[in-house]
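Peer 1: Following the hints, complete the assembly by docking chain B onto the known chain A.
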Amino acid sequence: MIFLLIILMVISFFLESIIPSLLSNFFPLFIIAIILIGSMFNIDDNKYYLLLFIVGIIYDLTYMNTIVLDGFIFLFIGYLARIITNADAFFIKNLFLYYVLSLTYVLFFYLFTFLYVPQNPLLLFNKILGGVAINTIYFTFMYFIFIGLKKIISNRRKKRSYF
Amino acid sequence: MRKNINGKTNKRKKHTMIFIVILIFLLFISSFFALSNRRFLFIETGLKNMVSKVNEYFIDKLYDDDEFKDLMSNSKISYLQKENNELRKNLSLKEVSQKYVTAEVTNRVAKTFLNQVGISKGYGDGIEKGLPVITPSGLVGFISRAGKDISEVRLLTSVNKNNMVSVLIDNDGTYISGVLSDYDVSKGMFKVTDVVAKTNSLVGKKVVLAGYDNEVYKGIYVGEVSKEEVSDHGLSKTIWVTSGVNFDDLLFVAVVTNK
Chain A
-13 MIFLLIILMV ISFFLESIIP SLLSNFFPLF IIAIILIGSM FNIDDNKYYL LLFIVGIIYD
47 LTYMNTIVLD GFIFLFIGYL ARIITNADAF FIKNLFLYYV LSLTYVLFFY LFTFLYVPQN
107 PLLLFNKILG GVAINTIYFT FMYFIFIGLK KIISNRRKKR SYF
Chain B
32 MRKNINGKTN KRKKHTMIFI VILIFLLFIS SFFALSNRRF LFIETGLKNM VSKVNEYFID
92 KLYDDDEFKD LMSNSKISYL QKENNELRKN LSLKEVSQKY VTAEVTNRVA KTFLNQVGIS
152 KGYGDGIEKG LPVITPSGLV GFISRAGKDI SEVRLLTSVN KNNMVSVLID NDGTYISGVL
212 SDYDVSKGMF KVTDVVAKTN SLVGKKVVLA GYDNEVYKGI YVGEVSKEEV SDHGLSKTIW
272 VTSGVNFDDL LFVAVVTNK
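Protein chains in written order, with the numbering used here: chain A, -13 to 149; chain B, 32 to 290.
Excised from the complex, chain A in its bound form (with noise of 0.2 Å):
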């Protein structure tokens, strides 16, 4: 489960550069989609931790200059979807909590970025505003395909035991 988590992780990665780059004026929220989705996989809490602190770093060193800020923030952001989330809960329910994580993580850099780069929260919330349709299909897709891979998954096992 955990390649098929780092697949999805890679594939989201390269597509917050890619879009932005066919849509003008789009903030792309795509691995904090992956972060909670990932987070309804059966996968050690430790290793899950350790693989977004990582993705966090390389995230930072190929898009950002702060290092070491989206490790944390992605930890941070982990292990809040593993306290709220539940793969079992309904898909609007989990779709309101990816507004909410995506939020929190947009704050959290706000916040730490104010000191050198002050933005306008208003000005930020529109931009946000504006790419809600694009995220919102992304987080759908990616949910739909981990929901399709579930069932596959457990029918395999189901089909072993059998044997």
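In short, the hints are calculated from the structure, not lab data.
Among the clues, some could well be false.
Claimed, not checked - Simulated crosslink set (EDC-like; lysine to aspartate or glutamate; CA at most 16 Å straight-line):
| no. | chain 1 | residue 1 | chain 2 | residue 2 |
| --- | --- | --- | --- | --- |
| 1 | A | 113 | B | 280 |
| 2 | B | 84 | A | 2 |
| 3 | B | 179 | B | 75 |
| 4 | B | 237 | B | 255 |
| 5 | B | 258 | B | 213 |
| 6 | A | 113 | B | 279 |
| 7 | B | 236 | B | 259 |
| 8 | B | 192 | B | 213 |
| 9 | B | 218 | B | 259 |
No experiment lies behind these values; they were computed from the predicted model shown.
Peer 2: Quick look at chain B alone, frame taken from chain A:
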């Protein structure tokens, strides 16, 4: 039982303290790395190059930079350079020539929080720190860091009291100096202070880079004066400049070099 409760409370306090210390440490470290004048780390260069190549592939498939190059050659930037060189010729001064290196904007993830973008050219193409970056609509920013095949551009919207830019206002043939010191995000306008102009209104006048440190940069179009305020007992003005550049929609840029 009391011992157990006290033990739990102490443990919670300890965890809270550790969490606060980590937060302060994070803030310090992230500020240090974001603001310091450092080179790209080896692994950073590798990762940024990889993402830049992937983005370049998609941008090349979907867009054509020929139109951008045509626009650059017919833009206000070239017009001002021609006008500048005409004046220099009349004064028997050596003409200066600007050369452009066209690049694609391949990393805009950091634009929202750090006011910077990544482009697909580096010191291998003659790009150095401090070079101005432009589009046909005007000045976009300056190169803040250059790797071999990628560079980072600090956008003009990040201007503040620690990194002000000297500009000139074209007042019908005479140039008035000013300092571009701030960007008002809500108005979408740049603030230029220390403008000494007692007589006529400057609204509608062109604002260009002063180029005090390099003659090649002189005359690069920044924007147009949209508003002015008299300050300091009428001795100086503060003017507000609107740029023609859409900072939210940058795809191709040109880096001005003199090599």
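Peer 1: Give me the numbers of the hints this structure contradicts, sorted from smallest to largest.
Peer 2: Failing hints: none at all.
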